[in-house]
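Since chain C is already given, all that's left is putting chain D on it; use the hints.
There are 2 protein chains.
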Amino acid sequence: MTLRPLARYIPVLDWGRSYNGNALSNDLIAAVIVTIMLVPQSLAYALLAGLPPEAGIYASIVPIILYAIFGTSRALAVGPVAVVSLMTAAAIGNVAEAGTMGYAAALTLAFLSGAMLLAMGVLRLGFIANFLSHPVIAGFITASGILIASSQIGHILGVKTSGHTLPEILWSLWEGLGSTNWITVIIGVSATAFLFWVRKGLKPLLRKNGVGPRLADVLTKAGPVAAVIVTTLAVWAFDLADKGIKIVGDVPQSLPPLTIPDFSPSLVMQLVVPALLISVIGFVESISVAQTFAAKKRQRIDPDQELIGLGAANLGAAFTGGYPVTGGFARSVVNFDAGAETPAAGAFTAIGLAIAAVALTPLVFFLPKATLAATIIVAVLSLVDFSILKRSWVYSKDDFIAVAATILLTLTLGVETGVSAGVLLSLVLHIYKTTRPHIAEVGLVEGSEHFRNILRHPVKTDPALLSVRVDQSLYFANARFLEDLIYKRVMGHSEIKDVVLMFPAVNEVDLSALESLEAINTRLKDVGIRLHLSEVKGPVMDRLKRSHLLEELTGEVFLSQYDAWRKLAPVAKEKAAE
Amino acid sequence: MTLRPLARYIPVLDWGRSYNGNALSNDLIAAVIVTIMLVPQSLAYALLAGLPPEAGIYASIVPIILYAIFGTSRALAVGPVAVVSLMTAAAIGNVAEAGTMGYAAALTLAFLSGAMLLAMGVLRLGFIANFLSHPVIAGFITASGILIASSQIGHILGVKTSGHTLPEILWSLWEGLGSTNWITVIIGVSATAFLFWVRKGLKPLLRKNGVGPRLADVLTKAGPVAAVIVTTLAVWAFDLADKGIKIVGDVPQSLPPLTIPDFSPSLVMQLVVPALLISVIGFVESISVAQTFAAKKRQRIDPDQELIGLGAANLGAAFTGGYPVTGGFARSVVNFDAGAETPAAGAFTAIGLAIAAVALTPLVFFLPKATLAATIIVAVLSLVDFSILKRSWVYSKDDFIAVAATILLTLTLGVETGVSAGVLLSLVLHIYKTTRPHIAEVGLVEGSEHFRNILRHPVKTDPALLSVRVDQSLYFANARFLEDLIYKRVMGHSEIKDVVLMFPAVNEVDLSALESLEAINTRLKDVGIRLHLSEVKGPVMDRLKRSHLLEELTGEVFLSQYDAWRKLAPVAKEKAAE
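Chains C and D, in that order, give the protein sequences. Our numbering numbers the first residue of the first sequence as 65 and each following residue consecutively. Our numbering numbers the first residue of the second sequence as 65 and each following residue consecutively.
In short, the hints are calculated from the structure, not lab data. Treat the hints loosely; a few may be bogus.
Copies of the same chain look alike in the list, so a pair counts if it fits in one copy or across any two.
Stated by the list, open to error - Think about it this way: if two alpha-carbon atoms lie no more than 30 Å apart in a straight line, the pair counts; the simulated DSSO-like pairs of lysine-lysine are:
{"id": "1", "residue 1": "K267", "residue 2": "K497"}
{"id": "2", "residue 1": "K461", "residue 2": "K609"}
{"id": "3", "residue 1": "K601", "residue 2": "K589"}
{"id": "4", "residue 1": "K272", "residue 2": "K307"}
{"id": "5", "residue 1": "K589", "residue 2": "K454"}
{"id": "6", "residue 1": "K609", "residue 2": "K497"}
{"id": "7", "residue 1": "K497", "residue 2": "K631"}
{"id": "8", "residue 1": "K601", "residue 2": "K454"}
{"id": "9", "residue 1": "K631", "residue 2": "K589"}
{"id": "10", "residue 1": "K524", "residue 2": "K601"}
{"id": "11", "residue 1": "K631", "residue 2": "K454"}
{"id": "12", "residue 1": "K552", "residue 2": "K272"}
{"id": "13", "residue 1": "K609", "residue 2": "K454"}
Here chain C stands alone, though its shape is the one from the complex (with noise of 0.2 Å):
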């Protein structure tokens, strides 16, 4: 018990008491199914990212092993991810060339994204993350699939592009499709060609042919690893790589070293920037692969923890020789099938990518980077997804030029330009449509106490009783625009006496908005008109008893709108009169 208060900040003290035998023997099953799925995977990302193969690796142990500890999601895997790799790779690419600098500069980015995350997380900050909007996040996403599989194609064809943006990808190809290596083409082709066949065909075929359904599941997992075997076989046997084939080449025989992240500060100004979209996109996507895993178990995730554990976990690639990781979804989906149940299945995942990484390593000299390629484009392709503009386009506008821009802008300017203006804009069309709120004119429902607007439905008015409903919360934004109507609606029609504003759905009224409200009633006052207030909420009012307004209100706040008609429309009155 007294470990509790402990407990909130390390999870592992939670569930590490009650671990037991069963556990044990389904995390380590996982464990070896994510180990045989993440060696491939991880050079692929280090090569994605303009880094060292073992890098990826590197990354996918220590990491791992910290989130274990602080984490408070079971199911989440945490390493490279193909969007973090490509984020990382730009942000790289502006400090230095591909190679040793550009490792130094993802080490002191994953260890800048490190404190950011664990900063946003003691300061209980995870909020942040929701300005990134679905659509934004989709859009990116889908830009950023599109963007990292045609950064692979130079290496299906053996030829070498630049750039982080799609003209400048598309224009390097082009200028270098005299070079292409037909022997690498041969390669790269089948290898994808082999893999979407694995991803598409394999299942069903298997599963006709009495495959249990567990094992098809295990062997289709396992086609990035055929597909290494077998390239890597075929370069090795026919000397391939005296024929201009890129391989992997040699990869440290080492545990994770240690690594110090360089802190010049002028390496760490140009990389704050990149650093803190890193660590928010990735934080957004830890957290929605570990919100649906979670719910599925009734278990709780709590996001100022993920925070912290994640940060933890960007630390330990810095300290190890990794660079920037998050909660990937892939090896996610594949550790809770293969029926992880606590975090200890990732520790166990790290020690099986440590022997690899010890052990494997020279197997893998003569790898051909056109395969790794391959592995990347049939991974990031499910990513591509553009039926969220279709969505969109039908639901709302402003969501469909959210999704729109940021496409766009992620495929042309790159991925930083393109989900800042991304979050930029939803925030500035959001605020926009908060200036124009909607404000109805409203009349009795015949035979009811209902009020509705005047434009929708057949209801009874009053000349001299002005009754307007307002829809949207008052705050500097849109008080001039609730001005401006009133006085354009009351102007000219000496006929009215009364205007009752209906507040049902404010939920707040900011200090402008008084001020606002207060200008209406003293130029009503100007011109012989009572302002009323109908339907005010509980803690508005409260605010307003603070304020002079309801002192100087020239007419009264009535609890419903239809006191206020009985009150004061001439119609009704004669009605009682009767």
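Here is chain D on its own, set in the frame of chain C:
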């Protein structure tokens, strides 16, 4: 009648047709009074802006006429005002030392500002001004008043000061104290004291001695003119200019000259942001003045047409030796009180000032700058009003933060940073608030059909039915907040079978929020809980019908929460069965 469409853009065509002798004589009287007040004021504001004195006069002539043609307010007097003069000084202070170069920059600034206002008017972007919240404006005006007054203390002491922030000004005052000119101090302090007395004590005194209210008013307004005459004569009579007193000196005796602003790209680039801030601040000041007067006469102000009127006025200033202008409160009050009926009064004022520019400028040769500084100090101290700090503190802490930050930053970092930071901060605070909407768990008020917050009222609830009222529109920045809240409330409470979300105050559900609702629906389904909606507004429902949510929803959409209760609450069902 054929003029109607045109008259919308050139209001003079509207009021000009019904102009008559009565309006003419009223307008002429008003023009004489305003002209007398404007001569010293125009010189003083030019001094404040760091420009030659004639710039102030020129800025009052053509702009007034152009506003009379294009503007919609019948009482607004356009010309140099204190805050805009201060902002002009700050803007041109950054690009040049005051003097001829500064004057050229001021013309460019007026041109840019005019072009921006015109563009905003044509594009109907007047709503941009709404982003200046009342607290930010109030804080900004107060801080500007302090900056203006302190920048004039140097003239009163005969000390040269510099800088555009309070610490800079105070520091340069402190450094210059040794060179204080005592004759200047005597003139400056007595002029200031005299003007304060005119403002506060003269009118009651005159009234007590039987002077009529109208005449007392005119005499009070003539205070600055009296101070100008007396001190000018004193300097001339006692040869004080030889004793180190700074005087206005030579002012060209001419009508406004034709000037062409400097359009060199580097200058334009430097002035774009200041011009935008001047445009918006000037527009906000002007429109609030115009609306105050229009409301008194049940006239309407068209904000977009006002932008066009002010834009034309500023373009006029740019080409006739002026500097940025806007509708000022003080001069408009005088105009209105003096009985101006139409914008023609402004045109007559322009003629009066043109006569002054040609005939009277030699008379101000010996006018001490200390006197002008005194008129500025007395005028702007009425802008300083710290009561907004107390009001906002009582009413809303967020508004208080915005005011306090705006005041502090304007004083310490200058007008441009201050007002920009204020706008940004109030937007951030507003958005932050909406990310954590008020969401209440509700229960039935016994004996009624109403549902209220379980924390505020004694209500009936059912363990199997969770009813949640959402008091805010749902959009990307708060959608996940709702998700988290629902999961937190549901997880670990296996007795819950139904969740109802009440939407009476939800005015919008964007695509992100829709996806959150879909996620809530799916995840609750995974654990055997149905999701229902109730009291969904028409426009929101219209939009939800264009999505898949309603098909996938595990529960129903109820018209009222009471319907949901009767159908879903086991307590209610048992009762019905009894």
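Hints, verified against the model:
no.	hint	verdict
1	K267 / K497	neither (48 Å within a copy, 50 Å between copies)
2	K461 / K609	between (40 Å within a copy, 15 Å between copies)
3	K601 / K589	within (25 Å within a copy, 33 Å between copies)
4	K272 / K307	neither (41 Å within a copy, 110 Å between copies)
5	K589 / K454	between (51 Å within a copy, 26 Å between copies)
6	K609 / K497	both (29 Å within a copy, 21 Å between copies)
7	K497 / K631	neither (35 Å within a copy, 37 Å between copies)
8	K601 / K454	between (38 Å within a copy, 25 Å between copies)
9	K631 / K589	within (19 Å within a copy, 49 Å between copies)
10	K524 / K601	both (25 Å within a copy, 21 Å between copies)
11	K631 / K454	neither (51 Å within a copy, 37 Å between copies)
12	K552 / K272	neither (73 Å within a copy, 43 Å between copies)
13	K609 / K454	between (48 Å within a copy, 15 Å between copies)
Comparing the model with each numbered hint stated earlier shows that hints 1, 4, 7, 11 and 12 do not hold.
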